[in-house]
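Number of protein chains: 2
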Amino acid sequence: MIKTRRDFLMRVGQAGGYSAAFATMQSLGLMPMLASDASEVDLPADAGKGVKVAVLGGGIAGLVSAYEMRKAGFQCTVLEARSRPGGRNWTVRNGTTVEFTDGTRQAAQWDAGNYLNAGPARIPSIHKTMLGYCNELDVPLEVEVNTSRSALLVSDKAFGGKAVEQRQAINDTRGHVAELLAKCIKQSALDHDLTSEDRERMLEFLRIYGDLKGDLKYQGSLRAGAAQLPGAGPVVEQLRAPLEMSALLDAGFWRGMMFEETLDMQATMFQPVGGMDRIPYAFAKSLGNMVQYNAPVKEIRKTANGVKILYSRNGATQALEADYCVCAMPITILKSIPNDFSARVNAAIRDTTYADAYKVAWESKRFWETDFNIYGGISWLTGGPIGLVWYPSARLSSKTGVVVAGYAVEGNSEFGKLPDTAAKLAASRAAVERLHPGYGQHLAKPIYVNWGKIANNLGSWVGRGTGGDYYEGPYKEFTTPDDRFYFAGDHCSHVGAWQEGAALAAHRTLRMLGERVKAEKLTGALKSARV
Amino acid sequence: MIKTRRDFLMRVGQAGGYSAAFATMQSLGLMPMLASDASEVDLPADAGKGVKVAVLGGGIAGLVSAYEMRKAGFQCTVLEARSRPGGRNWTVRNGTTVEFTDGTRQAAQWDAGNYLNAGPARIPSIHKTMLGYCNELDVPLEVEVNTSRSALLVSDKAFGGKAVEQRQAINDTRGHVAELLAKCIKQSALDHDLTSEDRERMLEFLRIYGDLKGDLKYQGSLRAGAAQLPGAGPVVEQLRAPLEMSALLDAGFWRGMMFEETLDMQATMFQPVGGMDRIPYAFAKSLGNMVQYNAPVKEIRKTANGVKILYSRNGATQALEADYCVCAMPITILKSIPNDFSARVNAAIRDTTYADAYKVAWESKRFWETDFNIYGGISWLTGGPIGLVWYPSARLSSKTGVVVAGYAVEGNSEFGKLPDTAAKLAASRAAVERLHPGYGQHLAKPIYVNWGKIANNLGSWVGRGTGGDYYEGPYKEFTTPDDRFYFAGDHCSHVGAWQEGAALAAHRTLRMLGERVKAEKLTGALKSARV
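These protein sequences, in sequence, are chains Y and C.
Every letter in the first sequence is one number past the one before it in my numbering, and letter 486, counting from 1, is 486.
Every letter in the second sequence is one number past the one before it in my numbering, and letter 386, counting from 1, is 386.
One or more hints might be untrue.
[As the list claims (entries may be wrong)] Below are the DSBU-like pairs computed for lysine-lysine, each with C-alpha atoms no more than 35 angstroms apart in a straight line:
| # | chain 1 | residue 1 | chain 2 | residue 2 |
| --- | --- | --- | --- | --- |
| 1 | C | Lys213 | Y | Lys157 |
| 2 | Y | Lys183 | C | Lys213 |
| 3 | C | Lys365 | C | Lys399 |
[What the hints assert, rightly or not] Far from chain C, by Cβ distances over 10 angstroms, these chain Y residues were calculated:
| # | residue |
| --- | --- |
| 4 | Pro44 |
| 5 | Ser83 |
| 6 | Gln109 |
| 7 | Asn135 |
| 8 | Ala163 |
| 9 | Tyr209 |
| 10 | Gly252 |
| 11 | Lys445 |
| 12 | Ala455 |
| 13 | His494 |
These are computed hints drawn from the structure, not numbers from a lab.
No experiment lies behind these values; they were computed from the predicted model shown.
Yeah, the Cβ is synthetic: ideal placement off N, Cα and C, and Gly gets one too.
Turn these sequences into a full structure, and let the hints guide you.
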């Protein structure tokens with residue numbers, strides 16, 4: 001389904017020729033991607049012939065690396081500390097145990113088919129590289145409903161603390177904005193900014209934009225929902241009284257209202273049917289015994305002409321020697337692994353901190369569908385420790401579902417300061433109760449995942465706010481090869497915390513590695529190393 | 001999954017008691033429906049015991065009528081002119097023949113799984129009655145993607161006739177509106193309308209709303225898409241230059257931009273997996289031989305104490321006698337059927353005209369997905385005979401799909417004035433080419449459905465603009481029983497052209513019929529009629 005990078009280059013070529021410099025930049029990931037292009041590595045099928053690579057970490061970056069290197073003839077081994085592939089791409093379902101580094105354990109006991117994507121949980125349609133892998137690996141996708149106009153907004157500062165539908169807040173806000181701007185235009189406030197023709201056209205536009213009445217006043221709109229829906233016989237629609245602008249300003253719903261316009265949150269979004277981990281399991285199935293599970297890395301060493309990775313297996317230390325290493329492990333974990341990285345890379349490791357994102361999920365009957373018309377989407381809360389409640393897009397209209405009531409970085413937040421897990425679960429339930437009074441009682445079988453407390457991760461993604469800007473400092477070190485060590489992961493991209501970033505970073509790394517191997521083969525350096 | 005009407009009444013009762021008058025109004029469909037309630041008929045299981053009803057027409061209203069009357073003990077026969085159930089709920093797929101009243105025929109020859117919902121093609125989540133039937137009848141639903149930010153807008157009056165992404169038009173428009181209003185507020189144009197505190201809060205809101213920069217100027221936003229998406233290594237995002245407001249005013253994209261806010265077009269929307277006709281076929285399966293196919297109605301007569309329907313079957317005229325008749329046929333068809341309706345109803349039939357909505361559909365490889373990131377949703381065209389191109393939500397990422405290039409009322413429109421079908425198909429292909437230059441050639445195997453030319457319908461829905469207002473005139477006649485004749489259909493509701501309207505009208509009709517039967521049983525009138 002995906003157009004290839006090669007197609008793109010050919011099209012560019014047809015449009016007027018392209019230089020070797022352009023092609024090289026493209027191959028190194030230095031050229032812009034068109035929105036409609038998936039990234040491809042595009043190494044010749046024999047590029048890696050006779051070259052052995054150790055891949056550290058079986059998350060998306062490691063799996064993509066091994067999968068693509070195999071296509072190019074490399075001999076790869078992936079070392080994965082866990083008994084499963086995927087890293088942060090982790091789906092919790094019936095039978096899954098969530099164990100924290102403090103020893104606490106939670107066992108998910110949910111109905112068959114219910115799940116929590118504890119890590120990534122959506123794929124935007126602009127993430128063509130990951131969508132391309134889903135297609136290539138036969139991972140069925142379904143629509144992830146990221147926005148529902150029936151979902152709610154609630155603030156402790158407005159509307160008596162009662163939730164309002166997003167259709168109401170969004171369309172009443174637009175109505176007020178349109179009315180106010182129309183009033184200014186009529187009062188000549190923009191006579192210096194707009195031609196008289198454009199002023200007239202603006203008024204006509206604002207009439208449609210805000211659903212204003214003839215006098216350019218906003219008096220409510222069916223867009224905002226109905227006090228009474230139209231029906232049969234004599235039952236006609238009745239508008240809701242519009243929410244007042246001053247009350248909307250009190251509420252400050254803006255973050256939740258604008259969320260859907262975030263580029264990588266815009267419709268259409270996807271999720272794999274059955275859980276996000278269908279993706280790493282599909283990679284793993286394809287890679288077979290190239291992936292070594294239960295093989296935590298203990299030391300990362302250089303040899304005279306290659307690398308040597310010490311790892312643990314069934315209680316014994318084993319060694320993996322290779323020509324190169326693609327290190328796709330979390331930086332948090334690298335902090336405590338003895339290594340032969342350069343001083344600059346070890347400094348970057350030291351200077352990098354991770355955020356501790358969490359999710360709280362509950363199983364419940366689907367009251368949000370039956371009683372609130374909410375099918376997928378997110379409700380937002382202002383004030384209080386929980387900022388959002390995210391409804392499942394999977395198995396719509398089935399009997400039960402898993403709802404996420406709380407997803408954010410815990411850190412020093414109001415939620416993070418709660419004394420214990422019981423208090424956090426209570427806050428999560430209370431958030432649902434604020435949105436859906438009387439329904440909090442239906443939540444059962446909670447699962448609380450805090451990535452800061454999950455072994456082999458110790459964090460969710462690079463923390464941008466702490467200890468200097470990651471992208472101004474450490475980033476450069478991880479995106480530059482360190483002799484025979486190459487790095488990959490979402491932290492080696494500007495698409496942090498997304499699987500797409502991990503895949504793009506893996507691709508760029510492999511292109512760099514391909515160039516290196518090609519050069520070394522030409523000079524004979526690689527051959528002598530292998531002899 | 002659906003809360004019952006009874007639940008609703010109980011909740012109302014618990015909240016403070018309710019009167020018999022309220023309950024009666026409710027039962028007659030005179031009370032508002034809550035957004036979260038499905039309509040239910042709520043007749044006792046023996047309400048129709050010993051009562052025979054002739055249902056004319058096996059569209060949604062007729063099927064719902066028979067299905068609900070069976071629950072209440074009525075003895076029903078549905079007479080359907082066609083060999084299939086559903087009426088306008090008609091899915092064209094491989095093997096379907098589309099025959100017009102002028103004798104022209106088209107045969108759909110599409111890949112397995114591809115289809116066109118020639119009639120209704122989406123179910124909004126506020127249409128709880130139809131969603132309830134899908135649940136009750138085990139009709140699997142999937143999300144119908146009604147809006148995609150990657151879908152396009154094109155106008156002959158702006159941007160050199162080139163299409164722009166909806167994300168760009170929508171977010172650049174919002175940015176300009178926010179900047180202009182902020183400027184007015186800063187220039188004191190609204191000092192009389194807003195308190196000084198609200199002016200400050202408005203500016204802060206507008207900053208977020210329009211993604212304005214520090215000086216409250218709009219300089220583009222990642223919401224509007226990227227000239228370059230962020231990537232791996234050095235590849236950072238680059239904003240697009242914003243579309244200018246004056247050019248957006250030239251373009252006049254407003255209809256397409258605001259479509260998603262129409263109440264019954266708002267996310268989340270649904271479609272049955274495999275085609276909309278899964279719904280009537282599920283009803284028909286349940287009703288079994290209660291539905292007589294190939295049984296066109298020829299005369300609608302009264303008897304001394306009941307009704308007598310003459311219909312044709314295998315070339316012979318047959319008679320169906322019953323106590324009551326629920327007439328769920330299109331008004332267009334009733335115009336030419338001899339009947340014993342009252343003069344007021346026949347006048348209403350005469351005064352009612354139907355619109356002739358059409359759809360043009362093509363099979364194609366899914367270039368809109370692979371090359372444009374468009375998964376479902378609708379692109380809109382300004383200028384020219386075709387106003388929209390609607391991409392399939394079914395089987396996303398499969399090899400081919402059926403795209404609708406043209407859906408509107410034909411009537412006296414620019415499209416309707418085209419000389420023949422060839423010209424209409426050419427216009428349809430040209431619309432796709434305007435949006436997706438170079439891709440129009442991929443469209444193949446067109447199907448053009450004009451409901452005005454489909455026998456047994458002769459129209460798509462009540463035409464509101466012609467010959468006086470339908471809802472001011474004929475509507476009252478069809479929503480009032482005519483002795484033993486009761487009417488049902490979307491034209492008996494204020495939810496015209498929607499299946500929900502047909503179902504709500506059927507429910508209201510059955511409630512009225514239930515009251516009538518109850519009264520007649522009490523007075524003995526029905527019993528004597530049956531003796």
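Pair hint lysine 183 of chain Y and lysine 213 of chain C, alpha-carbon separation not exceeding 35 angstroms: holds (24 angstroms)
Hint consistency between lysine 213 of chain C and lysine 157 of chain Y [alpha-carbon to alpha-carbon, up to 35 angstroms]: The hint holds at about 27 angstroms.
Closest CB of chain C to the CB of asparagine 135 of chain Y still more than 10 angstroms away: violated (6 angstroms)
Minimum Cβ distance from glutamine 109 of chain Y to chain C greater than 10 angstroms, as the annotation requires: holds (23 angstroms)
10 angstroms Cβ clearance of serine 83 of chain Y from chain C: Nearest chain C Cβ is 29 angstroms from serine 83 of chain Y, so the label holds.
Whether alanine 163 of chain Y stays farther than 10 angstroms from all C-beta atoms of chain C, as the label says: holds (13 angstroms)
Check on histidine 494 of chain Y being off the interface with chain C, judged by Cβ distance over 10 angstroms: violated (4 angstroms)
Glycine 252 of chain Y remote from chain C - nearest C-beta pair above 10 angstroms: violated (8 angstroms)
10 angstroms cut-off, C-beta based - alanine 455 of chain Y kept clear of every residue in chain C: About 27 angstroms separates alanine 455 of chain Y from the closest Cβ of chain C, which puts it past 10 angstroms; holds.
Assertion that tyrosine 209 of chain Y lies outside the chain C interface [Cβ separation over 10 angstroms]: Since the minimum Cβ distance to chain C is about 7 angstroms, tyrosine 209 of chain Y lies within 10 angstroms and the statement is violated.
35 angstroms Cα cutoff - pair lysine 365 of chain C, lysine 399 of chain C: holds (6 angstroms)
Beyond 10 angstroms from each Cβ of chain C, as asserted for lysine 445 of chain Y: holds (21 angstroms)
Hint compliance for this structure: hints 7, 9, 10, 13 are broken, all remaining hints hold.
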